[in-house]
Amino acid sequence: QQQVKQSPQSLIVQKGGISIINCAYENTAFDYFPWYQQFPGKGPALLIAIRPDVSEKKEGRFTISFNKSAKQFSLHIMDSQPGDSATYFCAASKDFGNEKLTFGTGTRLTIIP
Amino acid sequence: ETGVTQSPTHLIKTRGQQVTLRCSSQSGHNTVSWYQQALGQGPQFIFQYYREEENGRGNFPPRFSGLQFPNYSSELNVNALELDDSALYLCASSWGGGQPQHFGDGTRLSIL
Numbered sequence: 147q148q149q150v151k152q153s154p155q156s157l158i159v160q161k162g163g164i165s166i167i168n169c170a171y172e173n174t175a176f177d178y179f180p181w182y183q184q185f186p187g188k189g190p191a192l193l194i195a196i197r198p199d200v201s202e203k204k205e206g207r208f209t210i211s212f213n214k215s216a217k218q219f220s221l222h223i224m225d226s227q228p229g230d231s232a233t234y235f236c237a238a239s240k241d242f243g244n245e246k247l248t249f250g251t252g253t254r255l256t257i258i259p
Numbered sequence: 396e397t398g399v400t401q402s403p404t405h406l407i408k409t410r411g412q413q414v415t416l417r418c419s420s421q422s423g424h425n426t427v428s429w430y431q432q433a434l435g436q437g438p439q440f441i442f443q444y445y446r447e448e449e450n451g452r453g454n455f456p457p458r459f460s461g462l463q464f465p466n467y468s469s470e471l472n473v474n475a476l477e478l479d480d481s482a483l484y485l486c487a488s489s490w491g492g493g494q495p496q497h498f499g500d501g502t503r504l505s506i507l
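The listed protein sequences derive, respectively, from chains A and B. The first sequence begins at 147 in my numbering and counts up by one. The second sequence begins at 396 in my numbering and counts up by one.
Extracted from the complex, chain B is given alone in its bound form:
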């Protein structure tokens, strides 16, 4: 059983650019959540997708958007990047139904 995999592992962008981060869910998991973890902080919930539909959103602006595909893989898109967007972006998948969320190792995004 493969775990949650994220790509790329590291990324450097400049202010104003756009970025797409990718996540491959653990086999069989139909729910994926994205979190932002600033340095020295706990992860902050961005949004969740269940069977390709957004199923909850945290306190993040609309320039943070996502997609979930029929194979349950997922993308996080961020437009108009700001310096404060520099963080580790984590993807977590689960089977739902009270099953625990399993995290990938994240994408480290640096904004210059």
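Bound-form chain A, shown alone:
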């Protein structure tokens, strides 16, 4: 049973544009929602994370929007740059991240000049 659904599978955005990746979860016990960035040949690196007591979190050009009632959350990358080209994974876990992470299937983001 896939508990975190991620879309789109791939995304092409022009440099300077806004990249938006969406995720939906099923398990209402989840209380920690991180986003990871993965470059080829590397492990996932934590980008930004949110807990359900807030609806939005911003760190630099990266923003997470969280809708608890809809069980959805999204990553927005403002002013997208070619260096942002990577695969992005949303994830969710219980117990504020102390338990296993359940990952989405990933979004391959390509930023074109």
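Hints listed in this document are in silico derivations from the structure and should not be mistaken for laboratory results. These numbers come from a predicted model, not from an experiment. For every residue, glycine included, the Cβ atom is placed at its ideal position computed from N, Cα and C. Be a bit skeptical, because a hint or two may be false.
Which chain B residues face chain A? A few, computed with CB under 10 Å, are given here [unchecked claim]: (1) Val399; (2) Pro403; (3) Ile407; (4) Asn450; (5) Asp480; (6) Ala482.
With chain A's structure known, arrange chain B on it following the hints.
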């Protein structure tokens, strides 16, 4: 502060063999989790160790086993390798207490 390191980086085995993958946790981290990432997929949780005890297991058969040592380094052992075990195996460590998990760059395992 050193990050999470995994060894080896690449490994080729044949069906039926056994393999041991190693992970050195980030300094001070007492919790380690192992994940399997098939090509084009998100990581799948295998198990977690906290202070040398297994602390949760995903939907993987018993031929996947692990150890965590007093210095918090860890091993993943896989017996009777199958073709479907070909994947990137990732180790992640954390301090627990709601602190984020930090991943190593993984071991690419290929089964022939």
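We went through each hint and held it up to the structure:
1. Val399: Result: holds, 8 Å to nearest chain A Cβ.
2. Pro403: violated, 14 Å
3. Ile407: violated, 17 Å
4. Asn450: Holds, about 9 Å.
5. Asp480: Interface hint status for Asp480 of chain B: violated (19 Å vs cutoff 10 Å).
6. Ala482: violated, 13 Å
Of the numbered hints given earlier, the model fails hints 2, 3, 5 and 6; all others are met.
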